[in-house]
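Make a model of the complete structure from these sequences and hints.
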Amino acid sequence: EAQVTQNPRYLITVTGKKLTVTCSQNMNHEYMSWYRQDPGLGLRQIYYSMNVEVTDKGDVPEGYKVSRKEKRNFPLILESPSPNQTSLYFCASSPGLMNTEAFFGQGTRLTVV
Amino acid sequence: SQQGEEDPQALSIQEGENATMNCSYKTSINNLQWYRQNSGRGLVHLILIRSNEREKHSGRLRVTLDTSKKSSSLLITASRAADTASYFCATSWFQKLVFGTGTRLLVSP
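As given, the protein sequences belong to chains A and B, one line each in that order. For the first sequence, position 87 matches number 87 in this note's numbering, and the numbering has no gaps at all. For the second sequence, position 97 matches number 97 in this note's numbering, and the numbering has no gaps at all.
Hints are computed from structural coordinates only; laboratory data are not their basis. Heads up, the beta-carbon is just placed ideally off N, CA and C, and yes, glycines get one too. Hints may be right or wrong, so weigh each one.
[As the list claims (entries may be wrong)] Stretch-level coverage of chain B by chain A, calculated; a stretch enters the list once three of its residues show a Cβ under 8 Å from a Cβ in chain A:
#1 38 to 44
#2 94 to 108
[Claimed, not checked] Just so you have them, the derived chain B footprint on chain A, three or more residues with Cβ under 8 Å:
#3 46 to 57
#4 64 to 78
If you want it as structure tokens, here you go:
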């Protein structure tokens, strides 16, 4: 089954404790991205990757890192999480960006206390 | 901000009625897409309309696009309780996919 898999689905952590949210897709898609969703603000792009070893900042990249060492994986790293990073995070992939749909993971609800 | 905006923010209708949601955006686009999200879950793609298209249909969905007004509308005909969800428009311009703030649709039996 074609899918984007995120882990964990739920995470509660403390301020400053490094964490990684994993994202994997099995559709051989080139384009992957991370979004955060906050009430009233919709989805905002954090980082995106157009292919292996090619990443770039989205609209809200501060406090996040990503890597794209393999085509299928695109982990999101929070080196020193803070409470304002409490949010619902989504990973997405698509074959490209021109006239193609994006496939979303089920989301990771992160709480930083 | 490049974000689009949906209107209304919330919509409550009865089963069988039609639901219309509007989206306005600010930048040039390659295409505009509509997604559905059920209560905090992942987004599901509904329909994509290219910048050179004016109208597109998919089942009970009808999407229009007016690039001169930088706006789009999504019509769901003969709505069902299962259509209850949040609906987002997203504009695509090369490497960026920018989402609007969403419309919450409640369809009552």
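Now for the hints, and whether the structure bears them out:
Counting residues of the region 38 to 44 of chain B whose beta-carbon sits less than 8 Å from any beta-carbon of chain A gives 5, enough to reach three: the coverage restraint holds. Look at the region 94 to 108 of chain B against chain A: 9 of its residues bring a Cβ nearer than 8 Å to a Cβ of that chain, three or more, so the hint holds. Look at the region 46 to 57 of chain A against chain B: 3 of its residues bring a Cβ nearer than 8 Å to a Cβ of that chain, three or more, so the hint holds. Coverage of a stretch by a chain is defined here by at least three residues with a beta carbon nearer than 8 Å to that chain's beta carbons; for the region 64 to 78 of chain A and chain B the count is 0, and the condition is violated.
The earlier numbered hint that this structure contradicts is number 4, and it is the only one.
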